[in-house]
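Trainee: Residue numbers (the numbering used here), protein chains in the order written: chain A, 1 to 252; chain B, 1 to 96.
Quick caveat, the hints were computed from the structure, so don't treat them as lab data. All residues carry an ideal CB built from backbone N, CA and C; glycine is no exception. Any given hint could turn out to be false.
Stated by the list, open to error - Covered by chain A, according to a simulated footprint, are these stretches of chain B (three or more residues, beta-carbon under 8 Å): (1) 29-36; (2) 39-48; (3) 65-75.
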Amino acid sequence: MQLRYLETGARPAAFNMGLDEAVLDEVAAGRSQPTLRLYAWKPWAVSLGYFQGLNDEVDREACSASGVDVVRRVTGGGAVFHAAELTYSIVVPESHPLAAGSILDSYRSICGGLVLGLSSLGIPAEFAPLNDVVAGGKKLSGNAQTRKKGCLLQHGTVLLDVDVDQMFALLKVPNEKLKGKLIADVKARVSSVSAMLGRPFGYDEAVATFRPAFASAFGAELAPGQPTEAEQAGAERLAAEKFGTLAWTAKR
Amino acid sequence: MTGSYVGKGRGGKLLRVDLYWQDGRAERVSIRGDFFAHPEDGFDAAEDGLAGVPLTELGQVFGRQLEARGVTLFGLLPSDLDDAVESIVSSAIKQG
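Working from the sequences, and respecting the hints, build out all of it.
Mentor: Given below as structure tokens:
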């Protein structure tokens, strides 16, 4: 199995989501190979799940004051604060072995790369259905999948470091009176690679760790590449006309 | 009339519902949360299709519309909508 491999560094939220969708469009059209992409976010961002309400979940004033982007994903799931993390996306046709079986099966297959990467660091990670990877009962990775145009798109994160207080300064909670308890719960349930290793673990080291881990877990050769002209143009168009617009971000 | 619900349904994920209704029928239903639905646009269409449906049949009709569109839910059950609607309507009745 061969996958095209893209490492696109830290980009704004609307571009990141635009490039994921543009790659899906090109893979669906048969013009690009199935693709694994590693990336990060600059500025930091909050991404909303497709079905979440913008004003339910996000303190837009706090995000604006902190220079944090807000974007709606095409995938479901919860709001994510993208700061010190490695993000990946994978796009394959639904006929691809990584998309085989049920949706749960494909989550498990793709998250296998994350589990292997964390295990290679000495972190005893495991897949936690439906869409998390945990170690010692603490979440280190959240993942979200959609299927469109005959392709699977899954993107997810590996928390390299986490500041739960900062996260909750940007996100709203269902019950303000219980915010303190919720923050304490999240601190107990979420960790990061840096915290588990007891040393700083940054983006470059994460790329060097997870690129071979994905390749090994998938039994795939990763062929380094760049976004095609069509993908680059598509990402810029989607950033301007979809992901960067209030009409999309405030869709719910 | 209008009302809102926030809670964890039996599907397991956080569910938020805004309900607008008149004479026992829904005028508009907004269903939000951190659940998953594949395909997403099938969910949108099923949600739009709830306008005009009797409140007592919302969960059942929602389930049928999702099924007709081949939508698979994770973290949400169609019957969670009934629980939310019941909670909203009960609150409205109590408030008179």
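Trainee: Confirm or reject each hint.
Mentor: Comparing the hints with the structure gives:
With 7 residues bearing a CB less than 8 Å from a CB of chain A, the stretch 29-36 of chain B meets the requirement of three and the coverage assertion stands. With a threshold of 8 Å between beta carbons, the proposed coverage of the stretch 39-48 of chain B by chain A holds, since 3 of its residues qualify and at least three are required. Note: the stretch 65-75 of chain B has 3 residues with beta-carbon separation from chain A under 8 Å; the three-residue rule is met and the coverage holds.
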